[in-house]
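Listed in order, the protein sequences are those of chains A and B. Quick note on the numbering used here: the first sequence kicks off at 1139 and runs consecutively. Quick note on the numbering used here: the second sequence kicks off at 26 and runs consecutively.
Keep in mind that the hints were calculated from the coordinates and are not lab data. Each hint should be verified, as a subset may be incorrect.
[Claimed, not checked] Result set (EDC-like, lysine to aspartate or glutamate): computed pairs, CA atoms no more than 20 Å apart in a straight line:
#1 A:K1231 with B:D111
#2 A:K1202 with A:D1230
#3 B:K144 with A:E1140
#4 A:K1176 with A:E1225
#5 A:K1199 with B:E126
#6 B:K144 with B:D124
#7 A:K1231 with B:E122
Next come the chains, spelled out residue by residue.
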Amino acid sequence: MEITETTEGSKTVAVLDGRLDTATAAQTEAALLGLLGKGGVIADLANVRYVSSAGLRVLLKAAKQAKTAGASFSVVGLQPPVREVFEISGFDKIIPAFATRAEAAAA
Amino acid sequence: MGDAKQLAQPGFQRRLPATLESVAQLMDALEAYAEEAEIDMRVAARLNLVAEEVAANVAMHAAGATWFSLAVTPGAQALDLVIEDDGPEYDPLARGEVDTEAAIEDRDVGGLGVHLVRKLTRDARYERAGGINRLSCSLPLAG
């Protein structure tokens, strides 16, 4: 998993590239939780073609930490297989998803 | 080989040590297989997911398991999957349903893997025979 950091408006964007699964969960979790320490985070998943339950757990932890800290956490660029996993696990109802970084930053 | 016609689409079979490195190896091998067998991208993603959920569960939680295996047999309507391991008796399907309507504070991080397997496959069944856990299911090729 390659994770690049950039900004959109006042929020940090974590651009993820690779599979978000058992092998990459710990690394991704550390990166996202670290960025959340600085404020709102947008996770850009446009280059993530696969998320397993290990990956969902990372996103859930990030969303929970954001809620506790009063910061925002959202995702953008969900690919069809990733969107499907979000929907069947009910994550579409608990993690805000946007089409673009600009929309996520404005929310 | 009289069966050549039925075997137009190749199958997949791997038996690997029950470690997390093997799970990543299995994912790479499955991606290559899906490409070779020209499996639809959405179905390939589901295949990867089901394989990872079960294999990672064995690699992380089945103390005493030395290997897990995955066999994929393509049929007309579905891919038939058989996932086995030599760990202690464990029926992943015995787990309760996940509440996907719960609020974020109440969402638990456990049980999601088997929830995904249940939702993405048909006819999931577990059996224990000869010291082996066997999970069989089929993954529809359409829809």
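Status of each hint after checking the structure:
1. A:K1231 with B:D111: 38 Å, violated
2. A:K1202 with A:D1230: 14 Å, holds
3. B:K144 with A:E1140: 30 Å, violated
4. A:K1176 with A:E1225: Violated, at about 29 Å.
5. A:K1199 with B:E126: 17 Å, holds
6. B:K144 with B:D124: Given that 20 Å is the threshold and the Cα spacing comes to 13 Å, the pair holds.
7. A:K1231 with B:E122: Distance of about 17 Å is within 20 Å: holds.
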